[in-house]
Structure formats: structure tokens, C-alpha cells
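Chemist: Here is how the chains run, residue by residue.
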Amino acid sequence: MSEKARSPRFHYDQNLAARTKTGQVWKVVFLGSTIIGILALSTLLLNILNSAFGFVAYQGKILPSTLAIEGVPLEQQTRDQLLTLLQTNLSNGAYNKLNNEKAFEDRSRADLHALVLERIVRYKVVESWSLWDSLTNKSEIKSLVASEFPDAELKFKSWLTLDFLASQQSSEAVTAGIRTAILGTLWTILITILFAFPVGVGAAIYLEEYARDNWFNRLVRTNINNLAGVPSIIYGILGLAIFVRALQKLTSGEMLGMVDPTSSTGRTIFSAGLTLGLLILPIIIINSQESIRAVPQALRKAGFGLGATKFQTIWAHVLPNALPGILTGTILAVSRAIGETAPLVVVGASTAISFDPGIFSRFTTLPIQIYQWTARPQDEWRHLAAAAIVALLAMMLSMNAAAILLRNRFARKY
Amino acid sequence: MVETQNGMEERTMYPTKVTGLKNRRRLGETLIQSLLFLAGFFSIFTTIAIIYELGKEAWLFFSLPEVNLWQFLTGTSWQPHINEFGVLPLVSATLVTTFIAMLIAIPLGLTTAVYLSEYATTRARNTIKPVLEILAGIPTIVYGYFALTFITPFLRSVFGSDVVEIYNTASAGLVMGILILPLIASISEDALNAVPRSLREAAYGLGATKLEVAIKTVIPAALSGIAAAIILGISRAIGETMIVAVAAGAGPNFTLNPFKGAETMTGHIVRISGGDLSYDSIDYNSIFAIGLLLFSFTLVLNIVSQGIVRRFREVYE
Chain A
5 MSEKARSPRF
15 HYDQNLAART
25 KTGQVWKVVF
35 LGSTIIGILA
45 LSTLLLNILN
55 SAFGFVAYQG
65 KILPSTLAIE
75 GVPLEQQTRD
85 QLLTLLQTNL
95 SNGAYNKLNN
105 EKAFEDRSRA
115 DLHALVLERI
125 VRYKVVESWS
135 LWDSLTNKSE
145 IKSLVASEFP
155 DAELKFKSWL
165 TLDFLASQQS
175 SEAVTAGIRT
185 AILGTLWTIL
195 ITILFAFPVG
205 VGAAIYLEEY
215 ARDNWFNRLV
225 RTNINNLAGV
235 PSIIYGILGL
245 AIFVRALQKL
255 TSGEMLGMVD
265 PTSSTGRTIF
275 SAGLTLGLLI
285 LPIIIINSQE
295 SIRAVPQALR
305 KAGFGLGATK
315 FQTIWAHVLP
325 NALPGILTGT
335 ILAVSRAIGE
345 TAPLVVVGAS
355 TAISFDPGIF
365 SRFTTLPIQI
375 YQWTARPQDE
385 WRHLAAAAIV
395 ALLAMMLSMN
405 AAAILLRNRF
415 ARKY
Chain B
459 MVETQNGMEE
469 RTMYPTKVTG
479 LKNRRRLGET
489 LIQSLLFLAG
499 FFSIFTTIAI
509 IYELGKEAWL
519 FFSLPEVNLW
529 QFLTGTSWQP
539 HINEFGVLPL
549 VSATLVTTFI
559 AMLIAIPLGL
569 TTAVYLSEYA
579 TTRARNTIKP
589 VLEILAGIPT
599 IVYGYFALTF
609 ITPFLRSVFG
619 SDVVEIYNTA
629 SAGLVMGILI
639 LPLIASISED
649 ALNAVPRSLR
659 EAAYGLGATK
669 LEVAIKTVIP
679 AALSGIAAAI
689 ILGISRAIGE
699 TMIVAVAAGA
709 GPNFTLNPFK
719 GAETMTGHIV
729 RISGGDLSYD
739 SIDYNSIFAI
749 GLLLFSFTLV
759 LNIVSQGIVR
769 RFREVYE
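Chains A and B, in that order, give the protein sequences.
Numbered per our numbering, the first sequence spans residues 5 to 418.
Numbered per our numbering, the second sequence spans residues 459 to 775.
The set of hints was computed from the structure by calculation and includes no laboratory data.
Even glycine gets a Cβ: it sits at the ideal position worked out from N, Cα and C.
Incorrect hints may have been included.
[Unchecked claim] Listed next, the stretches of chain A that the computed footprint assigns to chain B, with coverage defined by at least 3 CB atoms under 8 Å from CB atoms of chain B:
hint, region
1, 17–28
2, 245–259
3, 337–349
4, 372–382
[Said to hold, decoys possible] Cut-off 20 Å, straight-line C-alpha distance, at most; resulting in silico cross-link-like pairs (DMTMM-like, lysine to aspartate or glutamate):
hint, chain 1, residue 1, chain 2, residue 2
5, A, K142, A, E152
6, A, K305, B, D738
7, A, K253, B, E670
8, A, K314, A, D217
9, A, K128, A, D155
10, A, K31, B, E670
11, B, K718, B, E623
12, A, K128, A, D360
13, B, K668, B, D648
14, B, K514, B, E524
15, A, K305, A, E213
16, B, K674, B, D648
17, A, K161, A, E176
18, A, K146, A, D360
19, B, K668, A, E176
20, A, K101, A, D115
21, A, K25, B, E670
22, A, K314, B, E487
[As the list claims (entries may be wrong)] Here are the simulated distance ranges between beta carbons:
hint, chain 1, residue 1, chain 2, residue 2, range
23, A, P265, B, R581, 36 to 44 Å
24, B, Y737, A, L194, 24 to 32 Å
25, B, R768, A, S46, 32 to 40 Å
26, A, K159, B, V616, 42 to 50 Å
27, B, L518, A, L148, 53 to 61 Å
28, B, F612, A, K106, 44 to 52 Å
29, B, L485, A, K106, 55 to 63 Å
30, A, L198, B, L518, 31 to 39 Å
31, B, H539, A, L194, 21 to 29 Å
32, B, R581, A, L169, 51 to 59 Å
33, B, R581, A, L409, 19 to 27 Å
34, A, P12, B, V616, 47 to 55 Å
35, B, Q529, A, E176, 24 to 32 Å
Sequences are here, hints too, so could you generate the full structure?
Modeler: Encoded structure:
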């Protein structure tokens with residue numbers, strides 16, 4: 005070994021190059037894994053959009069062309085002609101049932117047309133393709149449909165339409181919609197907020213403004229942190245035992261004399277809302293505590309100095325200043341509740357209901373609907389699930405945006 | 459005359475009246491304070507209710523003649539219709555999905571945290587962090603959909619559809635890893651950020667490269683926070699429900715093979731309770747017993763995580 009190689013200076017130089025190189029390699033690794041995380045998010049969203057649009061081949065049980073009357077095709081028939089079609093093609097029982105739901109005289113032409121399509125033509129999805137396939141293999145799809153399903157109509161379809169948002173759950177993928185699920189979600193969330201917001205903010209005020217530092221209040225604090233870590237399905241089990249079963253008299257509406265004809269058990273929207281309320285209570289408490297703590301002590305002292313009582317000070321000074329933070333935290337907690345599925349399955353969300361829900365009725369919600377549709381093996385339901393996911397994410401995104409706006413609009417700096 | 463005398467009297471009474479004000483009983487204030495106390499107490503009540511209900515129904519379950527506690531904890535077959543109640547198949551599936559999830563979430567989460575805290579410019583961090591938070595806010599049922607319609611077909615095309623079943627724990631575990639990644643990244647990043655700048659400057663002063671500062675100085679100083687983040691992630695993975703309910707399979711299966719379908723504890727609870735479960739049936743009681751086990755797992759992990767933070771936190775002035 006030469007004299008030079010043994011010198012510490014030589015080692016240092018050799019070493020430094022290697023160390024810098026390792027540093028650069030790892031920098032790429034760090035950046036790479038961050039990008040992988042973001043790619044995962046993009047893939048997730050693209051995968052959903054990919055399923056929410058695409059070609060669909062429909063086939064009616066009866067060809068619509070056979071329903072032409074005196075050469076007038078179905079699309080151009082008058083209201084009366086459509087009515088006659090319904091009368092002649094439906095059984096008396098089915099016709100009367102429809103009439104009882106809503107008298108035929110009151111139905112518009114578009115309504116009748118939809119009814120003819122739904123009850124007589126009865127379109128079914130025979131095959132469906134994803135957006136990617138539809139864009140890249142258009143000609144192949146067309147020739148495939150022409151050779152395999154000569155009677156089918158091929159259409160490029162957005163599974164997410166206004167009709168989809170507005171129509172009831174149905175056993176046919178073509179006509180199924182998420183109206184029931186959206187209403188169920190809204191009702192459930194209303195109950196959740198009415199229950200969790202006052203209790204959560206109240207608890208936060210108690211812990212921040214009144215509680216002394218003794219063992220009991222420390223226990224309450226630790227306990228809230230632990231509750232925030234309990235898996236959501238445990239809250240579902242709790243809701244099943246307490247709200248659905250033990251408080252059945254209350255949650256079925258029996259105590260208030262408001263039993264819904266569709267449900268006589270405690271498996272109602274009321275139970276679901278309370279269960280989700282318990283679930284997000286710790287989050288609301290923790291967030292509210294933080295914003296109450298951020299209100300400067302000087303404001304309280306000024307209130308007391310003017311002779312206000314403790315609660316007057318809290319009500320007039322602390323709360324208004326903490327409110328933006330509290331509301332932001334609550335909105336974020338509620339948007340978590342909107343996406344919760346597992347506890348509601350356990351509490352007893354129904355699968356097939358096709359009426360507008362009320363507080364004491366059986367219920368389904370958007371995530372439950374998505375779960376049901378995802379679990380079915382046929383492709384068309386997967387498309388519907390993707391469309392429902394888009395609706396759900398849009399709902400949550402707008403809530404989060406509201407939270408951010410609220411924070412920016414009312415944020416105060418001291 | 460009398461009036462002025464009264465006025466004089468009041469003025470002399472003034473100081474004592476102030477102390478009177480302070481000690482006066484205010485019914486409204488007391489009432490409000492009690493109400494607020496009740497709201498605060500509600501969380502304790504929730505915990506008691508969870509433990510009481512899980513304990514009561516689990517007790518009913520174990521006192522059934524068909525069930526015994528030892529077989530529940532050590533049995534390798536869960537077949538309620540032939541009265542076999544061994545919880546191990548459910549636990550093993552939970553462990554497999556959790557393990558796979560952690561295999562994804564820990565390395566990716568930690569490296570992302572190091573990148574965000576040590577390397578990223580402020581602007582990059584301000585864009586990437588919200589994106590990761592969005593990732594964390596997407597409902598888990600959406601992740602389940604992703605697992606079943608994207609990851610599973612992908613795995614089947616890579617490893618062959620005769621090897622990978624349609625429902626398998628690998629797919630559920632991978633997606634769960636993506637779900638938990640932002641959680642671990644975000645909490646670890648907070649911990650790394652809390653390490654004071656002076657420590658980094660000192661290391662640079664001694665001639666350390668950026669990587670050496672990160673690995674040898676910052677990470678050891680933030681280790682308690684990172685450990686807490688990992689444990690929270692594990693606890694989250696054990697309790698995660700919808701991904702496994704959709705993608706992992708619907709039937710207890712005692713296997714460690716990630717390409718086979720198997721039902722986790724949470725997945726089983728969801729499947730059994732979907733539909734109208736009748737009270738006091740053996741199925742109804744069994745979900746409470748499984749729930750109690752699940753609750754104990756996550757509670758222990760959460761307490762350990764809080765304990766680590768409290769005990770090993772490096773305090774800098």
C-alpha cells in the first residue's frame with residue numbers, strides 16, 4: 005500500500021464520494037416512494053372513472069320496433085297510444101297496481117314512455133365495457149356486438165346520470181338509481197350531527213374550561229383518545245346492542261307513536277344516525293378542544309374583568325372565536341361518517357328498499373349501496389357501483405371544500 | 459332623607475357585597491356546568507357500554523354448551539353450523555392481511571415522511587401533504603372496490619388465475635397498505651418535523667451528508683413518534699373492515715397463503731350481521747365474542763402506542 009493510500013485524507017476523499025453517492029441514491033428512493041403513494045391515488049380514481057363510463061349493449065325482451073302502432077315508432081307515439089300499449093301488454097293486476105301508485109291520468113308522456121321501456125320492453129344489459137376499452141377498441145366492440153347480439157343496441161353510456169341520481173333502487177341495472185341511498189345518507193347524517201355536535205362541543209368546553217387537573221378528568225381525556233382508536237365495526241356492534249335492541253322502543257319510534265309502516269324493529273335511520281354519532285364524537289371533541297385552547301387567555305380575562313360570569317364569558321367570547329375551528333373539525337368528522345359502511349351493515353342497513361326513507365324507516369345509504377353492488381359478480385353492477393362512488397366522493401369533496409373555505413374565511417390570528 | 463341614608467348604607471356595604479357576588483349561588487351557571495359535565499362524562503359512558511355489552515354477550519356465548527373458551531382460542535376451524543368455534547382461522551386471516559399491509563405501508567410511509575420532512579421544498583410539501591390527506595379521507599369501501607376490480611385482476615394476470623383465487627388476502631392486504639400509508643407518513647412526518655433544527659445543524663457541522671443527518675440524527679430523535687405511528691397503523695389494519703369484506707373472501711379458512719380466500723375477524727362480523735340477525739342466536743352472540751377479541755387487540759395496541767410516546771419522547775427545550 006502506498007503512503008498516499010494510508011493517509012486519512014485519502015480515506016476521507018474516497019469515503020466522501022461513496023457517501024455522497026449513497027445519499028443521492030436514497031434521495032431518489034425517498035422521492036420515488038412518495039410518487040408511488042400519489043400514483044396509487046391516481047390509479048384508484050382513474051379505475052373508478054374507467055368503470056363509470058363506457059359502451060353498453062342493451063337488449064329488450066321485446067324488440068321496441070314490434071311495438072310500433074300503425075307504423076308510428078315508440079319514440080313518437082302520443083300519450084294515449086302509450087297508455088293503450090301499457091293496458092294491452094300488462095296484466096290487469098300489474099296495471100292496477102301502477103295506477104294505484106300514481107293514477108295514469110296524472111302521469112306525463114315521458115313517465116309513460118319510461119314505464120313502457122321498463123315494464124314491456126324490459127331492456128337488459130347483455131354486455132358492457134370500460135371507458136378504456138370503449139376508447140381503444142371501438143371497432144372490435146362494434147363488430148363483436150353485431151355478430152354476437154344482433155338484436156342489441158350499442159350505446160356509449162355514462163352510468164352517472166341525473167336519472168341515476170333520481171330513481172329508486174331496482175333489480176334491473178338499466179333503471180336502478182341511488183335516490184333512496186342519497187336520502188338515507190342525508191337523514192342519517194342529520195341525526196348524527198344533531199346528536200354529536202352539541203354533546204361533542206359540550207364535552208370539549210367542559211374539558212377545556214371547567215375541568216380541573218385531577219385523576220377523573222385525566223381519565224376522561226385518555227379515554228377519548230382511546231375511543232378515537234376503536235375500530236368502527238365495534239361501534240356498529242355497540243349500536244346493534246344498545247340502539248337497535250335495548251332502546252328498540254325509542255329507535256323504532258314506538259315511544260313517540262311514530263312507527264313507520266315499513267319497519268317495526270329498531271333497525272332504523274335513527275339508530276344508524278346515533279351509532280355514527282358515537283363514532284365521530286371523539287373526533288369532534290378532540291378538534292373542538294384544540295380550537296377552544298387556541299382562543300387567547302386575554303379574551304377570557306377581559307370578559308371576567310367586565311363582570312361576566314364564567315358561562316357568559318364562554319358563550320360571548322370563547323365560543324364565537326373558536327367556532328370556525330369547531331365547525332371545520334365537525335365537517336371533517338361528518339364527512340368521515342358519510343363514508344362509513346361497516347357499522348351500518350352491523351346495525352342492519354337493508355339492501356332492497358324502494359321508498360323514500362324517514363327517520364323511523366328501514367334504510368340504506370350510499371356506501372351500503374356501493375357495497376351491495378360491488379359484491380355482485382356481474383359487470384353492470386360494478387359500473388353502477390363506480391357511478392355511486394363518484395357521487396359519494398363528490399358529496400364528500402364538496403364538504404371538505406366547505407370546511408377549507410370556512411377555515412380561510414373566518415380564521416383569526418392573534 | 460331616608461333615601462340618602464339608604465344610599466349611604468349601600469355605599470358602605472359595597473366591599474362586602476362584592477364578596478357576596480363571588481359566592482352567590484347561580485342556578486343557571488350550575489345547571490350549565492352540570493350539563494357540560496354530563497357531555498364530558500358521555501365518553502366514559504360509551505367506553506363502559508362497549509365493555510359491558512361486549513362482555514355480557516360474549517359471556518352468554520361462552521356459557522353455551524356448544525362453546526368452550528379454550529377451543530375458541532385454540533381451535534383451527536370456525537364452522538358454526540357444526541358447532542365448531544375455533545377463532546384461529548379468523549385471526550390468521552387478520553394477521554396475513556395486516557402483515558401484507560404493513561409490508562407496503564411501513565417502508566413507503568416512512569420514506570415518504572423522510573422525503574417530506576428532510577428533502578421536499580416547502581412548495582412540494584404543501585402540495586403532496588394534502589394529496590396524501592385526501593388519500594386517507596377516501597371511504598374504505600372505495601378501497602374495497604379498487605381491490606376487487608383492479609388489484610385482484612392484476613394479481614391474477616401476473617401470478618396466474620389458477621394460483622390466485624378471485625377472493626384473496628393478498629389483494630386486500632395490498633390495498634389496505636395503500637390506505638394506511640398516509641396515516642403512517644403523516645404522523646411520522648409530524649414527529650420528524652418536531653426534531654429541533656439545532657440537531658441537524660450540529661450534524662451538518664460535523665460533516666455529515668444530508669442522508670446521514672436524516673438517518674443517524676433525525677430519525678433516532680423522532681423514533682418514539684415513528685414507533686407510535688407504526689403501531690397505530692397496525693391497529694388500524696386489524697380493525698379495517700370493508701376492504702376485507704369485499705376482497706378477502708367469504709368463508710373462514712385456516713391458511714397463511716395470501717393467494718387464497720380467507721375471512722378476517724371483521725369480515726366475518728360483517729357477513730354474519732348482514733341481513734336480519736335474530737337476537738340470542740348463537741351467531742348473534744358469537745359476533746360479540748369476536749368483537750371483544752378485536753377490541754382487546756386494538757385497545758392494547760393503542761395503549762402501547764400512547765405509552766411509547768409518553769415514555770420515550772425526547773424533550774428538547
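Chemist: Return the numbers of the hints above that this structure violates; sort them in rising order.
Modeler: Numbers 6, 7, 12, 18, 19, 23, 26, 31, 32 and 35 - these are the hints that the structure violates, sorted from lowest upward.
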